[in-house]
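Residue numbering for the sequence shown follows the numbering used here, beginning at 14 and increasing consecutively.
To be clear, the hints were calculated from the coordinates, so they are not data collected in a lab. Just to be clear, a hint being listed does not mean it is correct.
As the list claims (entries may be wrong) - Simulated crosslink set (DSS-like; lysine-lysine; CA at most 30 angstroms straight-line):
1) K42 with K57
2) K42 with K119
3) K106 with K36
4) K106 with K150
5) K150 with K113
6) K42 with K83
7) K83 with K150
8) K147 with K83
9) K113 with K36
10) K119 with K106
11) K42 with K147
12) K130 with K113
13) K57 with K83
14) K36 with K130
15) K147 with K36
16) K147 with K130
17) K57 with K106
18) K57 with K36
19) K57 with K147
20) K106 with K147
21) K130 with K119
22) K150 with K42
23) K57 with K113
24) K130 with K42
25) K150 with K57
Everything numeric in this text was worked out from a predicted model, so none of it was measured.
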Amino acid sequence: MPTCVIVYDDATFNLMSFDSSIKTTTYRKFNEIANRIETDGIIKVLFVTEMLLYSNEINNYEEQLTMSSKERASHTNSELLAFFMLSMDLSFKSYYFESKEIDDMKHVASIMANPNKGSSGINLFNSILGEFEKMGKKE
14 MPTCVIVYDD
24 ATFNLMSFDS
34 SIKTTTYRKF
44 NEIANRIETD
54 GIIKVLFVTE
64 MLLYSNEINN
74 YEEQLTMSSK
84 ERASHTNSEL
94 LAFFMLSMDL
104 SFKSYYFESK
114 EIDDMKHVAS
124 IMANPNKGSS
134 GINLFNSILG
144 EFEKMGKKE
């Protein structure tokens, strides 16, 4: 179940889990958070979700788009736990853990020591990013 960890300027946080079988639900939840950033003193948002990687059996991306999620699931070759974090200072990090290796502390430690600092996954955060940018301009 996708979950957001919302961190506030008073060093408290709130968990917001939600059922999301379609991406629009996730975008709606992120918009709800973005609308509360200034009034609630939100300084950081973390998002955790499951990601499925598909085998090369489906070589045509357009073919994948025509499949239902259940049909695509039969072609899954890996499952990741993905963690994304965007801070008020606009720093963005992401971590991807192989689900089958999540109990291996060496695997977890190696991922934690080397977060992905690129922009992969930041599109989900566009509404939150926009609000953090506005807040930065006010200071």
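Structure-based check of each hint:
1. K42 with K57: holds, 15 angstroms
2. K42 with K119: Measuring from Cα to Cα gives roughly 33 angstroms; hence the hint is violated.
3. K106 with K36: Measuring from Cα to Cα gives roughly 20 angstroms; hence the hint holds.
4. K106 with K150: OK: K106 and K150 at ~22 angstroms, within 30 angstroms.
5. K150 with K113: With Cα atoms ~43 angstroms apart, K150 and K113 exceed 30 angstroms; violated.
6. K42 with K83: holds, 24 angstroms
7. K83 with K150: violated, 44 angstroms
8. K147 with K83: Violated. K147 to K83 sits at ~40 angstroms, over the 30 angstroms cutoff.
9. K113 with K36: The hint holds at about 25 angstroms.
10. K119 with K106: holds, 20 angstroms
11. K42 with K147: Holds, at about 19 angstroms.
12. K130 with K113: At roughly 24 angstroms apart (the allowed maximum being 30 angstroms), K113 and K130 satisfy the hint.
13. K57 with K83: violated, 33 angstroms
14. K36 with K130: holds, 23 angstroms
15. K147 with K36: Measuring from Cα to Cα gives roughly 25 angstroms; hence the hint holds.
16. K147 with K130: holds, 22 angstroms
17. K57 with K106: holds, 11 angstroms
18. K57 with K36: It holds: about 21 angstroms lies between the C-alpha atoms, which stays within 30 angstroms.
19. K57 with K147: Satisfied, since the Cα-Cα distance of roughly 14 angstroms is no more than 30 angstroms.
20. K106 with K147: holds, 20 angstroms
21. K130 with K119: holds, 20 angstroms
22. K150 with K42: Roughly 24 angstroms separates the two Cα atoms, so the pair holds.
23. K57 with K113: Status holds; Cα separation ~28 angstroms.
24. K130 with K42: Holds, at about 23 angstroms.
25. K150 with K57: holds, 17 angstroms
In this structure, the earlier hints numbered 2, 5, 7, 8 and 13 are contradicted, and the remaining ones agree with it.
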